[in-house]
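Engineer: These are the residues of each chain, in order.
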Amino acid sequence: MPNRLLHRGRMIIANILAIYRRELQSYFTAPFYYVIAGVFWLLSGLFFIVVMTTIIDQVAQQDLLQQQFGSPSQAVDVPKLILESFLGLLGSISQVILPMLSMGLYTEERKRGTLELLATSPITNWSVATGKLLAVLTFYATLLLPLVVYQFVTLQSSTPPLSPWLILAGNGGLLLLAAAILALGMFLSSLTDSTILAAILGFAVLLILWTLDILAKNTGGTLSEVLTYLSPIEHFSTLTRGVFRTSSLVVFGSYIFLGIFLTAQSIDAFRYQRN
Amino acid sequence: MIQVEHLTKVYGTTVALRDVSFTAATGEILGLLGPNGAGKTTTMRILAGYLPATSGTAAIAGHEVHTDPMAVRQRIGYLPEHPPLYTEMTVAGYLHFVARIKGVSAGDRPQRVNYALKSCGLLDCQHTIIRKLSKGYRQRVGIAQAIVHDPPAIILDEPTVGLDPRQIIEVRHLIQTLAGQHTVILSTHILAEVSMTCDRAVIINKGEVAGIGKLDELMQQLSSSYTYDLELVGDRQHIQTLLTQIPQLQSVNWLGTPDQPRQQLHISSPEEIGADLATLLVQNGIQLYEMRRSHANLEDVFLKLTTDDIAPAAAAPTPAEPPIVEDADA
Numbered sequence: 020m021p022n023r024l025l026h027r028g029r030m031i032i033a034n035i036l037a038i039y040r041r042e043l044q045s046y047f048t049a050p051f052y053y054v055i056a057g058v059f060w061l062l063s064g065l066f067f068i069v070v071m072t073t074i075i076d077q078v079a080q081q082d083l084l085q086q087q088f089g090s091p092s093q094a095v096d097v098p099k100l101i102l103e104s105f106l107g108l109l110g111s112i113s114q115v116i117l118p119m120l121s122m123g124l125y126t127e128e129r130k131r132g133t134l135e136l137l138a139t140s141p142i143t144n145w146s147v148a149t150g151k152l153l154a155v156l157t158f159y160a161t162l163l164l165p166l167v168v169y170q171f172v173t174l175q176s177s178t179p180p181l182s183p184w185l186i187l188a189g190n191g192g193l194l195l196l197a198a199a200i201l202a203l204g205m206f207l208s209s210l211t212d213s214t215i216l217a218a219i220l221g222f223a224v225l226l227i228l229w230t231l232d233i234l235a236k237n238t239g240g241t242l243s244e245v246l247t248y249l250s251p252i253e254h255f256s257t258l259t260r261g262v263f264r265t266s267s268l269v270v271f272g273s274y275i276f277l278g279i280f281l282t283a284q285s286i287d288a289f290r291y292q293r294n
Numbered sequence: 005m006i007q008v009e010h011l012t013k014v015y016g017t018t019v020a021l022r023d024v025s026f027t028a029a030t031g032e033i034l035g036l037l038g039p040n041g042a043g044k045t046t047t048m049r050i051l052a053g054y055l056p057a058t059s060g061t062a063a064i065a066g067h068e069v070h071t072d073p074m075a076v077r078q079r080i081g082y083l084p085e086h087p088p089l090y091t092e093m094t095v096a097g098y099l100h101f102v103a104r105i106k107g108v109s110a111g112d113r114p115q116r117v118n119y120a121l122k123s124c125g126l127l128d129c130q131h132t133i134i135r136k137l138s139k140g141y142r143q144r145v146g147i148a149q150a151i152v153h154d155p156p157a158i159i160l161d162e163p164t165v166g167l168d169p170r171q172i173i174e175v176r177h178l179i180q181t182l183a184g185q186h187t188v189i190l191s192t193h194i195l196a197e198v199s200m201t202c203d204r205a206v207i208i209n210k211g212e213v214a215g216i217g218k219l220d221e222l223m224q225q226l227s228s229s230y231t232y233d234l235e236l237v238g239d240r241q242h243i244q245t246l247l248t249q250i251p252q253l254q255s256v257n258w259l260g261t262p263d264q265p266r267q268q269l270h271i272s273s274p275e276e277i278g279a280d281l282a283t284l285l286v287q288n289g290i291q292l293y294e295m296r297r298s299h300a301n302l303e304d305v306f307l308k309l310t311t312d313d314i315a316p317a318a319a320a321p322t323p324a325e326p327p328i329v330e331d332a333d334a
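So the sequence lines, in the order shown, correspond to chains V and S. Quick note: the first sequence uses our numbering, first residue 20, plus one each step. Quick note: the second sequence uses our numbering, first residue 5, plus one each step.
If you're looking for bench data, these hints aren't it; they were derived computationally from the structure. We put the CB at the ideal spot given by N, CA and C, even for glycine. Check each hint, because a few of them may be wrong.
[As the list claims (entries may be wrong)] Cut-off 25 Å, straight-line C-alpha distance, at most; resulting in silico cross-link-like pairs (BS3-like, lysine-lysine):
| no. | chain 1 | residue 1 | chain 2 | residue 2 |
| --- | --- | --- | --- | --- |
| 1 | V | Lys130 | V | Lys236 |
| 2 | V | Lys130 | S | Lys122 |
| 3 | S | Lys139 | V | Lys130 |
| 4 | S | Lys136 | S | Lys122 |
[To be verified] Some chain V residues judged to face chain S by a derived CB distance under 10 Å, without partners named:
| no. | residue |
| --- | --- |
| 5 | Arg40 |
| 6 | Arg41 |
| 7 | Ala49 |
| 8 | Ser63 |
| 9 | Arg131 |
| 10 | Thr157 |
| 11 | Ala160 |
| 12 | Thr161 |
| 13 | Leu163 |
| 14 | Pro165 |
| 15 | Leu166 |
| 16 | Val168 |
| 17 | Gln175 |
| 18 | Thr178 |
| 19 | Pro180 |
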């Protein structure tokens, strides 16, 4: 019995890997993804410089003012401030790009008829969805990688250097936020065969998440607490401040699981009512 | 190998399949024949486990498609109506991917992919990106993906659609080489395809089975009338009276005018009456110069089975009419 289980487990992993590899391969052969990468890197590089120079200027000015009035200057952790602001902006840019990454995950399969191949192969909907999510997340991580490098290079050259854990936690938070949004986007993509509609639905969901976040900040009492707990954006900004909570992991994990679960279900449901 | 029992599929209020039953033995090539929209694709999708039936069962190698879908998926190769291709991949890359998700072990994969490439005539373009292939070649890649994992049952939905005549012959030949070790079910609306490749055929029309069997048997069974062309010398009136002695006679058509030296006529009957007819005429002193029996051909049978909604005179060459004797001139 354990042998059979082991064999099944191995098969599932092999299937997820097969889907993962095929998906990744398709990203690297499609011009669309190079354009996305180019725009993302251009914007984020620009924002990094703007954020850095603005913050340094501001702090210097404040310092000057305080010196003129003779009051003792307040200690400001400039590298941490830069990291927080930059990651916040990166989160916003990502939220524009993520629905575009997830919109084609299933709509393309449906348009090309390859969903019929996947649905008649000895591979579960769960494996397909997991493989796809991992692949698109890998693509996003590839986008983040150079940014992480220059965050390290710049922010660690300050005296005293910024703790590498802060950079890792912040970017890790970004990756988790992306995984949650992509998982939901993947589900939306599985509902339709129109890529545009999938993207629009993706943006609509982001809008809802933002609204949740705003409500969480502007209402009081239990509702605010519940919304703060549920808002992935809130957990992300907590992580960028270097505050790690287990609840963040639980919330992101739940969104990711929900996305995969709904995708697997919708593929079956769609088949039942199709035509 | 393949057992289909009382399959019914309802989409909303339209009935796509009604009580369809048939079987295919191991190693057999079974043709699903019917006009477009008859329910062939729906039947194949149910068999492949892509669509669930509303009621009824379908089993492949003893595994029911609804209750044991994974076991069925492991045992079938399926070419849908449109070949399911990832057009940005190379032919070999794509086949490797399919072999992988069909559960072919890493060690066997190169050999299986090579076999599929070779049998579908794709060796020359194995490194070509699928997007750059012509329609015929894409169809071949579609067939290759259905056989790459060596499944016992192969389901091909219109495998020769979009191919040129030479490719059609090649694909038919390929399908024939698959028989024996594999059970093949293919659908088509082309009669010649069935008569050339299939051992048996299931004729489907409007979601119902209109006939099952070997093609020649089907024709015998279904061609309900025999026609005879005769050329003879004799009095029309006299012959007309003589012919009333054969009760199975359905219709008599005289050709030409009554004062011609040689009379030509066309007789049809639901039964074979050739011997009786000849004896009757000769014994009564009629000079018989020619008598030819013509059997309804495959097209006639097919049309007859599938076009009952079209005006019979236009569609069915041998309409079933009450026995009448008529004069062509009248």
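Engineer: Could you run down the list of hints and mark each one as holding or not?
Structural biologist: A quick look at each hint next to the structure:
Proximity of Lys130 of chain V to Lys236 of chain V is assessed by CA-CA distance (about 42 Å); at most 25 Å being required, the pair is judged violated. Taking the CA atoms of Lys130 of chain V and Lys122 of chain S, the gap is about 29 Å. The hint is violated against a cut of 25 Å. Only pairs whose Cα atoms come within 25 Å are accepted, and Lys139 of chain S paired with Lys130 of chain V is accepted, the gap being roughly 17 Å. Among the hinted pairs, Lys136 of chain S with Lys122 of chain S is consistent with the structure: their alpha-carbon atoms are about 19 Å apart, no more than 25 Å.
For the restraint placing Arg40 of chain V at the interface with chain S, the shortest Cβ-Cβ distance is roughly 8 Å, inside the 10 Å limit, so the hint holds. Against a cut-off of 10 Å between C-beta atoms, the interface hint on Arg41 of chain V holds, since the closest Cβ of chain S lies about 5 Å away. With its C-beta approaching chain S no nearer than about 7 Å, Ala49 of chain V sits inside the 10 Å limit, and its interface hint holds. At its closest, the beta carbon of Ser63 of chain V sits 27 Å from a beta carbon of chain S; the interface hint therefore is violated under the 10 Å criterion.
Against a cut-off of 10 Å between C-beta atoms, the interface hint on Arg131 of chain V holds, since the closest Cβ of chain S lies about 7 Å away. Checking Thr157 of chain V against chain S: minimum C-beta separation of about 17 Å lies over 10 Å; hint violated. The criterion of a C-beta within 10 Å of any C-beta in chain S is not met by Ala160 of chain V, whose closest approach is roughly 22 Å, and the hint is violated. At a threshold of 10 Å, the smallest CB-CB gap from Thr161 of chain V to chain S is about 18 Å, leaving the interface hint violated.
Given the 10 Å rule on beta carbons, the hint for Leu163 of chain V is violated: about 24 Å separates it from the nearest Cβ of chain S. Proximity of Pro165 of chain V to chain S is violated relative to the hint, the smallest CB-CB distance being about 25 Å (cut-off 10 Å). At about 28 Å, the closest approach between the beta carbon of Leu166 of chain V and any beta carbon in chain S exceeds 10 Å, and the interface hint on this residue is violated. Because the smallest distance between the Cβ of Val168 of chain V and any Cβ of chain S comes to about 30 Å, over 10 Å, the interface hint for this residue is violated.
Taken as an interface hint, Gln175 of chain V does not check out: its beta carbon lies about 40 Å from the nearest beta carbon of chain S, beyond 10 Å. Given the 10 Å rule on beta carbons, the hint for Thr178 of chain V is violated: about 50 Å separates it from the nearest Cβ of chain S. For Pro180 of chain V, the interface hint is violated, the least distance from its beta-carbon to any beta-carbon of chain S being 44 Å, above 10 Å.
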